[in-house]
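*Asks:* What follows is the residue order along each chain.
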Amino acid sequence: MKEVLVIGAGIAGIQASLDMADAGFTVHLVEKEATVGGHMAQTDKVFPTLDCSSCILTPKMVSVGQHPNIRLYTLSEVGKIEGEAGNFTIEVIRHPRYVDESKCTGCGACAEACVMKGRIKNAFDMGIGKRGAVYIPFPQAVPLKYTIDPETCLTLSRGKCKKGPPCKLACAAEAINFEDTEKTVTLRVGAIVIATGYDPFDPKLKPEYGYGKYPEVLTALEVERLCSASGPTLGEIIVNGKKPTKVFFIHCVGSRDHTVDNLYCSRVCCMFTAKQAHLVKDKVPDAKVTVTYIDIRAFGKGYEEFYNRVQSEGIIYRRGVISEVFKKGDKLFVRGEDTLLGETYEEVADMVVLAAGLVQRKEGLEIIRKLGVQTGEDRFFTGPSPLDPVETGLPGIFLAGCCVGPKDIPDTVVQASGAASRAMSVLAAATSGGNG
Amino acid sequence: MEEEQQQPLAERLDLFSCIQCGKCTGGCPVSIKSPLNIRRVVRESSVRDELSGFMSRIELWDCTTCSTCAIRCPRGLRPVDVVIGLREMMIEEGRIDKTIIDALDGAYKYGNPWGRAKNKRAEWAQDLDIPNALEMDPGQVLYFVCCAASYDPRVQEIARSLVKVLRAAAVPFGILGNKETCCGSEIRRMGEAGLFEMLMEENMKNFSKVDPRVIVTTSPHCMNALKNEYEGLTTDVLHYSQFVWELLSAEKLDLKTPVPMKVTYHDPCFLGKQNGVFDEPRWIIGKIPGIEFTEFGRCRENSLCCEGGGGRMWTEGTGAGERLSEVRVKDAVDMGAEAIITACPFCLLTLEDAVKTTGNEEKIRIIDLMELLAMTLEGDAETGDVS
Numbered sequence: 001m002k003e004v005l006v007i008g009a010g011i012a013g014i015q016a017s018l019d020m021a022d023a024g025f026t027v028h029l030v031e032k033e034a035t036v037g038g039h040m041a042q043t044d045k046v047f048p049t050l051d052c053s054s055c056i057l058t059p060k061m062v063s064v065g066q067h068p069n070i071r072l073y074t075l076s077e078v079g080k081i082e083g084e085a086g087n088f089t090i091e092v093i094r095h096p097r098y099v100d101e102s103k104c105t106g107c108g109a110c111a112e113a114c115v116m117k118g119r120i121k122n123a124f125d126m127g128i129g130k131r132g133a134v135y136i137p138f139p140q141a142v143p144l145k146y147t148i149d150p151e152t153c154l155t156l157s158r159g160k161c162k163k164g165p166p167c168k169l170a171c172a173a174e175a176i177n178f179e180d181t182e183k184t185v186t187l188r189v190g191a192i193v194i195a196t197g198y199d200p201f202d203p204k205l206k207p208e209y210g211y212g213k214y215p216e217v218l219t220a221l222e223v224e225r226l227c228s229a230s231g232p233t234l235g236e237i238i239v240n241g242k243k244p245t246k247v248f249f250i251h252c253v254g255s256r257d258h259t260v261d262n263l264y265c266s267r268v269c270c271m272f273t274a275k276q277a278h279l280v281k282d283k284v285p286d287a288k289v290t291v292t293y294i295d296i297r298a299f300g301k302g303y304e305e306f307y308n309r310v311q312s313e314g315i316i317y318r319r320g321v322i323s324e325v326f327k328k329g330d331k332l333f334v335r336g337e338d339t340l341l342g343e344t345y346e347e348v349a350d351m352v353v354l355a356a357g358l359v360q361r362k363e364g365l366e367i368i369r370k371l372g373v374q375t376g377e378d379r380f381f382t383g384p385s386p387l388d389p390v391e392t393g394l395p396g397i398f399l400a401g402c403c404v405g406p407k408d409i410p411d412t413v414v415q416a417s418g419a420a421s422r423a424m425s426v427l428a429a430a431t432s433g434g435n436g
Numbered sequence: 001m002e003e004e005q006q007q008p009l010a011e012r013l014d015l016f017s018c019i020q021c022g023k024c025t026g027g028c029p030v031s032i033k034s035p036l037n038i039r040r041v042v043r044e045s046s047v048r049d050e051l052s053g054f055m056s057r058i059e060l061w062d063c064t065t066c067s068t069c070a071i072r073c074p075r076g077l078r079p080v081d082v083v084i085g086l087r088e089m090m091i092e093e094g095r096i097d098k099t100i101i102d103a104l105d106g107a108y109k110y111g112n113p114w115g116r117a118k119n120k121r122a123e124w125a126q127d128l129d130i131p132n133a134l135e136m137d138p139g140q141v142l143y144f145v146c147c148a149a150s151y152d153p154r155v156q157e158i159a160r161s162l163v164k165v166l167r168a169a170a171v172p173f174g175i176l177g178n179k180e181t182c183c184g185s186e187i188r189r190m191g192e193a194g195l196f197e198m199l200m201e202e203n204m205k206n207f208s209k210v211d212p213r214v215i216v217t218t219s220p221h222c223m224n225a226l227k228n229e230y231e232g233l234t235t236d237v238l239h240y241s242q243f244v245w246e247l248l249s250a251e252k253l254d255l256k257t258p259v260p261m262k263v264t265y266h267d268p269c270f271l272g273k274q275n276g277v278f279d280e281p282r283w284i285i286g287k288i289p290g291i292e293f294t295e296f297g298r299c300r301e302n303s304l305c306c307e308g309g310g311g312r313m314w315t316e317g318t319g320a321g322e323r324l325s326e327v328r329v330k331d332a333v334d335m336g337a338e339a340i341i342t343a344c345p346f347c348l349l350t351l352e353d354a355v356k357t358t359g360n361e362e363k364i365r366i367i368d369l370m371e372l373l374a375m376t377l378e379g380d381a382e383t384g385d386v387s
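Top line first, the protein sequences correspond to chains Z and S.
Counting in the numbering used here, the first sequence runs from 1 upward without gaps.
Counting in the numbering used here, the second sequence runs from 1 upward without gaps.
A hint or two may mislead.
[Claimed, not checked] No more than 20 Å apart at the CA atoms, straight line, and that leaves these computed lysine to any residue pairs for SDA-like:
| hint | chain 1 | residue 1 | chain 2 | residue 2 |
| --- | --- | --- | --- | --- |
| 1 | Z | K283 | Z | C52 |
| 2 | Z | K327 | S | F278 |
| 3 | Z | K204 | S | E295 |
| 4 | S | K262 | Z | G329 |
| 5 | S | K330 | Z | G329 |
| 6 | S | K33 | Z | F333 |
| 7 | Z | K213 | S | E295 |
| 8 | Z | K328 | S | K330 |
| 9 | Z | K328 | S | A339 |
| 10 | Z | K328 | S | E295 |
| 11 | S | K109 | S | D97 |
| 12 | Z | K327 | S | D97 |
| 13 | Z | K130 | Z | P232 |
| 14 | Z | K331 | S | I32 |
| 15 | Z | K328 | S | T358 |
| 16 | Z | K327 | S | M335 |
| 17 | Z | K121 | Z | P215 |
| 18 | Z | K103 | Z | K204 |
| 19 | Z | K327 | S | G336 |
Just so you know, these hints were derived from the structure itself, not from any lab.
With the rest of the complex left out, here is chain Z:
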C-alpha cells in the first residue's frame, strides 16, 4: 500500500502532502474549499520576518497542484472511513463545481459575464471584497479553476438567468456544466493525516466589543485582507470609508477566557498583532496605534526582537485590555484601564482590531465522530502522550497543524513533516509486508 490520505490543504496539509509525494507515495489530498492554501493564503505577511505570505506559500500550492504523486480533491469532504492501519477504505464526497476542471482554462470570462458580479461577499476576503456567483477565491488559487456557488447562481437557485446564462455563453472552453452532480470516490490508503486547521473565534460572543454592530471593529483576519496588496482595498487601510487615525488593538479576544470556555492561550495573537500594528503604522504613518494587552508572549525565534522593533516604531503598548467599545453620538469610544498607571481611560477610536483567538473548527469535530480521535478540554485533537505530538493513539492516523491546538506557521510545518514521516513509516511497513 503506497497511498495515503491527507485531510485539509492548509499549510499543514500541503507540507505533509509534499513530503510524502516527494518520497514516492501517492497522496490523496482532500480539501473542502475550492482552493488549497487555508488561512495562510489569507495572511498578508508572516511574522517576524515580514515575508510576503503568498510569495512563500504560492510555490508550495503550485507544487501541490502539479505534483505527479498528488491527487487533489477540492470542494470535497471525507465521508466514511473504514479499515485499519495499512488498509483503510475512504469515501470522498466531491461536491459539484459546475465547471469542468478538465476544460476550464481559468480565463475568467465567466466571472466577467456573471449577472451577480460584485454582489456576493467573498469569504476569502472575510466578506470585505465582493465576487460573483462564478468565481475563484483569489488570483493564485490552486487549482486555478472557476467555481459556481449554487446558492447565489440564478440558474442554479431559480432555474433561469437572463435568456441564457451569460457565463455559459462567455465560456469559449465550454466548461460550464449546470448538470454537474455530487460524486463519491472510494479510495484505499495505508495511512491518514488529519490537518483540518482552525476557525477564528467568533467575536460576537463578546458583545461588549460591538463586533458586527460597528463597522470600525474588525478581526485580525479582516485586517490581513485589508493589508494585502491583492486584497479588496489593494492594501490600503480603509475602515468605514476612511483612513483611520486612532487605532486600538485588543489582545486575548476569545482566548484565556472562562466566559467563552476557552481557557487556553491561542499562541499566535501576540505576534500577529505586533505585525499588524507595524503594518498599520507603516501604511498610515500619522495614525496613533495603541496595543492593549494582558501579557506579551513573544517566545519564538526572533519574536522578542520583533516586539522590541514594533515598540520602537512608536506603537504604544498599554497593559490592560480594553473592556468595552461603544458609540456616543457619531463617535466610537473604547474604555479600559492602563493597569500600570492604575487609571481608566475613555478614548475615541476609528479602528478597533480584535485579536480573535483560534478555536477547533466544526468540520474537525465531524472527523472526530468518524474516527474516534480524542480531544482535550480545549476541544482540539490530542494524542496519547506529549512525546507523540503527531499521534492520535489510533494506528495509522496522524495529526498536524492547528487542529491539535493553535500554533504558528513554522511550528505547523514542523509538525506536518513529523506527521508525514510517521505516516510513511506505516506505509513502508505495509508495503514491505506485501500489501503494496
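Fit chain S to the known structure of chain Z by using the hints.
*Replies:* Coordinates of chain S only, in the frame set by chain Z:
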C-alpha cells in the same frame, strides 16, 4: 460562621488566579468618577497579609454591585464579591455610615430598609382588592411587590400599573400583603449576609405556604435574589417584563391607544447584564402603537449603570464627577428622546432625580415599562398623566 470568616477572602474567592487584565476596572461604571479601582482591590486582597487598611477606604461604598466586573472577568472571578466581603468586615468593625446602619436596622426591625411600618406595607393596594396569596389555592401567580414599590409613592405607580396589566390579561394573582418582607438583595450587598439569610428564610416560609406556580417581581433586584440566591427555591421566578412578554405573546393583551412618543430604554443592570433579559422589554415597547424607539449608544451588555444598586440608595458615594444617571439623562435628551423607559424601581428613582438635577423636566420624563403599557391599555397617553 466563625470558620467561614477565618478563611481568607483571597482563598474563598480564588483571587490568586487573577491575571490583572483590567477588564473589570475598564468596565466598572463608577471607575469613571470614583477612586475605587476594583482590579487593585482584588490585587491588594490577594497579596496583603492584613486587610485592615481597607477599613477606612470609604470608596468601597461606591460600588453599585452592577457586576460587570464579574460578568467580563476572563478568569471567572467575582471582583464584586471582594467588595461585598470587605464591606462585611467593615460592618463587623462598625466602621460604616449612619445611613447604612439605619437601612440595615430598618430591614432587621421592620422588613424594609426604609424602616417604614410593617403593617403599612400593603397600604398601596388598599383600594385594589388584591387577594391574599396565603389564602389562595396552590399553583397560582404570586406577585412579589418589593419594599420600594410598597412604600415609595412614585414606585407604587409601577405596582398599580402592573396590577392593571395583569387584570387586563385576566390573570388571577395574589400578594403576601404585610407578610411580605424585604428580599434582602441590597442587604446582602451592603455586607450583612446574616440578615439576608434571615429575610430569605422568612420569605421562603411564606413561599412554601403559598406554593405558587410562578413568582413575579416588580424589581430586577428581587428577581435576581429569589432566582439566583434563594437556596432551595425551585419555583419559577420572573421579572414582570418576562411575565408580561409571555402574556403579550399569547395575545392576552389588547394594546389599543397609541402612545406617540420617541422613547429610549435604559437596561437595569440586574435585569440585563446580570440575567440576560435584554430583548423582552424592547419587544414589549415595540408592540406599543405609535411609539418611536431609539437606542442608547451604551445599551444591552454595554449599558451604563444608574448607580442605584448595591446599597447606593442609602449612601451617596465619594466621586466628585457627574452622577451616571445624569449622564444617562443628558445622553437621552441629546438623542431627542422624550422619555426613558426603564424596568426597575431604583433606575426609575435615580433617573427621575437626574432629570430634576440636570434641569430637564420640560424635555424628558422617566416612565416605567408597566406604566407605559398601562397607558396604551387605558388611554392615559392623551392626558400624559403618569403620576
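*Asks:* Going through the earlier hints one by one, which of them does the structure break, listed in rising order?
*Replies:* Violated hints (numbers, rising): 12 and 18; every other hint is consistent with the structure.
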